[in-house]
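Peer 1: Given the coordinates of chain R, work out where chain V should sit on it, guided by the hints.
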Amino acid sequence: MSEEANRDGDLTVSIPKILAEKIKERMKGTGFSSVSSYVTYILKQVLSSIGEEEKSKQAFTKEEEDKVKKRLRDLGYID
Amino acid sequence: MIQPHGGTLINKELPEIERQKILREIHEFEKINVDSELMKDIKNIAFGVFSPLEGFMNENVTLSVLDHMYLENNIAWPIPILLHVSRDDVQKFSIGDSIILTNLSDEPKALLKIEDIYSYDKEEYAKKIYGTMDKNHPGIAKFFSQKEKLVGGEIFLINEISAVFPRMDLKPIETRILFKTKGWDKVAAFQTRNPPHLGHEYVQKTALTFVDGLFINPVIGKKKTGDFCDEVIINAYRELIDNYYPKNRIVLSTFETEMRYAGPKEAIFHAIARKNFGCDHIIIGRDHAGVNNYYDPYDAHKIFENFPDLGIEPLFFRSFSYCTKCNSIVNDKICPHSRELHKFFSGSKIRDILLSGKIPTPDIMRPEVAKVILNYRNPFCE
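Protein chains in written order, with my numbering: chain R, 1404 to 1482; chain V, 4 to 385.
Just chain V, same shape as in the assembly:
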């Protein structure tokens, strides 16, 4: 099976004796609240989804990632993982201190050993991460809402961080053992933030032809207004798999993290996470992790040329459509027919059809999947 990124699967759960000691002494620590999206990052660091990271990035590591897309030890990493903290909170502690990170209900979740406290230029950081300064970009809008200071340091998990879908929230050690138990040597990951249409199905099944198993791994986390809600996506995939996929060759499990909409850099980030889950291939389609034409449709393919040492193999898929002449899903490399004979999988068109209460034609979306979506009064994020 593929090695975790950096060679070691990180585990930042505290041994029980140490955990109990910290809980007994918890009143002695300063505490800061972090929001649910940062809690997801803490969980991902703790259980090795973000291996080799062991905490939030110090400034020198952040700058290395921003400027070179590599950690200081020459391991590929494209997007900084940052803990943003208010100016008021920063007054409570210093470098060398340990503090407790609590959720918004004040429940202690992790210990942070502070190694760095630093200011940051939001414009400079945003430009380097997203490649644009357009404040309409959903990732940039979110970035600018972050607090004023950054804190770096190692984290240790002291209490469980609850999952949105607990029965589908597998850690990397669990997916690796699952793939091993199933006898899967080659596993392709599919990243998604949408319910499946026939184009997705075509891409997934094409990849499945060449590997032992398919790991469908929807991103669960904060998304932009108008994206489908997490529960809709999960239930839509359950319906598709139940009706149209060889169930013994599919694993559906969630990846709890915020969508950054950072296009090509996020494609590498997604690839690293799935490598840590045990996948040796990842499907990269058109405009992966993109939004509103901020990125060229195939930038997410090209960026992989900069990471020949990434370890996980990208499976690049071109734009696909339904050709009425071929009577099947095709892509622009294999179909000779003109665009007029094609039906395209437009997310906005599918959304409009569903919003009108209608079921898209079966050459676009499986009716069973459409019915699941239509069961929701409002299937979209607000």
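Excised from the complex, chain R in its bound form:
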């Protein structure tokens, strides 16, 4: 794969021909007019879900964590 920026700062990424063909097949019936627009859409989805995952990795505050740890200690689950 290679990449280069154009005058607007947008990045152009090259992908292998075989992958491009698979994407074109996949795109059929979706309403996307180009591989670029389809791939951009997919990448937005992927990045969004990674962002959600990172947010939910810590689903509790420090205060909650300390309170729970105290209870776990009292119950003998941690030292």
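Hint data in this document are derived by calculation from the structure and do not stem from the laboratory.
Cβ atoms here follow ideal geometry from the backbone N, Cα and C, with glycine treated the same way.
Heads up, some of the hints might be wrong.
[To be verified] Below, simulated BS3-like cross-link-like pairs (lysine-lysine); rule was C-alpha separation at most 27 Å, straight line: (1) R:Lys1472 to V:Lys189; (2) R:Lys1472 to V:Lys361; (3) V:Lys24 to V:Lys145; (4) V:Lys150 to V:Lys125; (5) V:Lys336 to V:Lys346; (6) R:Lys1472 to V:Lys183; (7) V:Lys250 to R:Lys1470; (8) V:Lys250 to R:Lys1472; (9) V:Lys95 to V:Lys34; (10) V:Lys250 to V:Lys185; (11) V:Lys15 to V:Lys138; (12) V:Lys227 to V:Lys374; (13) R:Lys1473 to V:Lys15; (14) V:Lys374 to V:Lys361; (15) V:Lys305 to V:Lys131; (16) V:Lys15 to R:Lys1470; (17) R:Lys1473 to V:Lys361; (18) R:Lys1470 to V:Lys24; (19) V:Lys131 to R:Lys1473; (20) V:Lys189 to R:Lys1470; (21) V:Lys183 to R:Lys1470; (22) V:Lys138 to V:Lys305; (23) V:Lys185 to R:Lys1473; (24) R:Lys1465 to V:Lys183; (25) V:Lys185 to R:Lys1465.
[To be verified] Sample of chain R residues with no beta-carbon within 12 Å of chain V, all distances over it, derived: (26) Ala1408; (27) Lys1420; (28) Ile1426; (29) Gly1432; (30) Ser1439; (31) Lys1447; (32) Val1449.
[Said to hold, decoys possible] Short, incomplete list of chain V residues facing chain R, as computed with Cβ under 10 Å: (33) Leu12; (34) Glu177; (35) Leu181; (36) Ile362.
Peer 2: Leaving out everything else, chain V in the frame of chain R:
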């Protein structure tokens, strides 16, 4: 750590100010009694064990679950969570009202904002949940004893619902923090409604080989006559862990819910609950959540193919036995020897041996575990 099912760990505890306001005004609300099994569901909804559920299901959600095993927002969910109410009680309120759910001692436990009140065809529902209409099926028998109407709506916890084993009743936020504190990245859940024999031990230790920690999570709740009592199961596991397991790699905690005996659908339900507890793997053995040959022994393995997006990874285990030639626990994929050389872990045989006051042979059950069970005059549910 694995995300809760649906992405958010639900918490339906009311902030203290609002809780106090409701308690001050409690005489203004209609109240209905719910039994201890429904109270367990309320607690599970409130603390996120049933994430993403925030209450009891409305009819459209129930039908989506029954017909497709998905919630309306396309999140997998195999068994409806229902609040059944008598015809007489339903006369007391309407859609849009808020009512108080009390336990059988009339203690207020939760606020329910009513979104739906509906009738249901018990036969149709039972067939879709259990895959059978046999009234001898323990889940069906219980289902048909339910009250006549269903009520859907969001719940809010206003008072603590007591646990059967308070010192072992961990909420999902607690197990998640516990796993994090222990430095566990991969955690396998083991669901059980029986005391452990060597076959269970083999399966658990095999799984433990590949993960950081094992979450042994017995179901505590209404079971069928002849099942082992909850206290027996807990104490049997305590003995096994104390004597035979690396304690720092095991968490024993209870899951308070009714056994539905719905076989494969319940396997998915159990997987979702353990995902919410923070487990990224769940052990699924032969005939998981099954009873009396109602389900094919490996239906609970196959059903996972319908849920590629479930998130929690099933660890499938085949039927296992003790091979006298291999001199170890084996399964049918790894042992070449004939059945005549095998001792099988039959629940009914183990039960008969224990009922006769004897200790099963050590190739079937650890003697320390057997002695714990034999300390009980009657270790079985009536």
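Peer 1: Indicate, hint by hint, whether the structure satisfies it.
Peer 2: Here's how the hints hold up against the structure:
no., hint, verdict
1, R:Lys1472 to V:Lys189, "holds (20 Å)"
2, R:Lys1472 to V:Lys361, "violated (42 Å)"
3, V:Lys24 to V:Lys145, "violated (37 Å)"
4, V:Lys150 to V:Lys125, "holds (10 Å)"
5, V:Lys336 to V:Lys346, "holds (16 Å)"
6, R:Lys1472 to V:Lys183, "holds (11 Å)"
7, V:Lys250 to R:Lys1470, "holds (24 Å)"
8, V:Lys250 to R:Lys1472, "holds (18 Å)"
9, V:Lys95 to V:Lys34, "holds (9 Å)"
10, V:Lys250 to V:Lys185, "holds (12 Å)"
11, V:Lys15 to V:Lys138, "violated (36 Å)"
12, V:Lys227 to V:Lys374, "holds (23 Å)"
13, R:Lys1473 to V:Lys15, "holds (22 Å)"
14, V:Lys374 to V:Lys361, "holds (9 Å)"
15, V:Lys305 to V:Lys131, "holds (17 Å)"
16, V:Lys15 to R:Lys1470, "holds (18 Å)"
17, R:Lys1473 to V:Lys361, "violated (43 Å)"
18, R:Lys1470 to V:Lys24, "holds (25 Å)"
19, V:Lys131 to R:Lys1473, "violated (44 Å)"
20, V:Lys189 to R:Lys1470, "holds (24 Å)"
21, V:Lys183 to R:Lys1470, "holds (14 Å)"
22, V:Lys138 to V:Lys305, "holds (25 Å)"
23, V:Lys185 to R:Lys1473, "holds (14 Å)"
24, R:Lys1465 to V:Lys183, "holds (13 Å)"
25, V:Lys185 to R:Lys1465, "holds (16 Å)"
26, Ala1408, "holds (35 Å)"
27, Lys1420, "holds (29 Å)"
28, Ile1426, "holds (21 Å)"
29, Gly1432, "holds (20 Å)"
30, Ser1439, "holds (28 Å)"
31, Lys1447, "holds (18 Å)"
32, Val1449, "holds (15 Å)"
33, Leu12, "holds (5 Å)"
34, Glu177, "holds (5 Å)"
35, Leu181, "holds (6 Å)"
36, Ile362, "violated (29 Å)"
In summary, the numbered hints that this structure violates are 2, 3, 11, 17, 19, 36.
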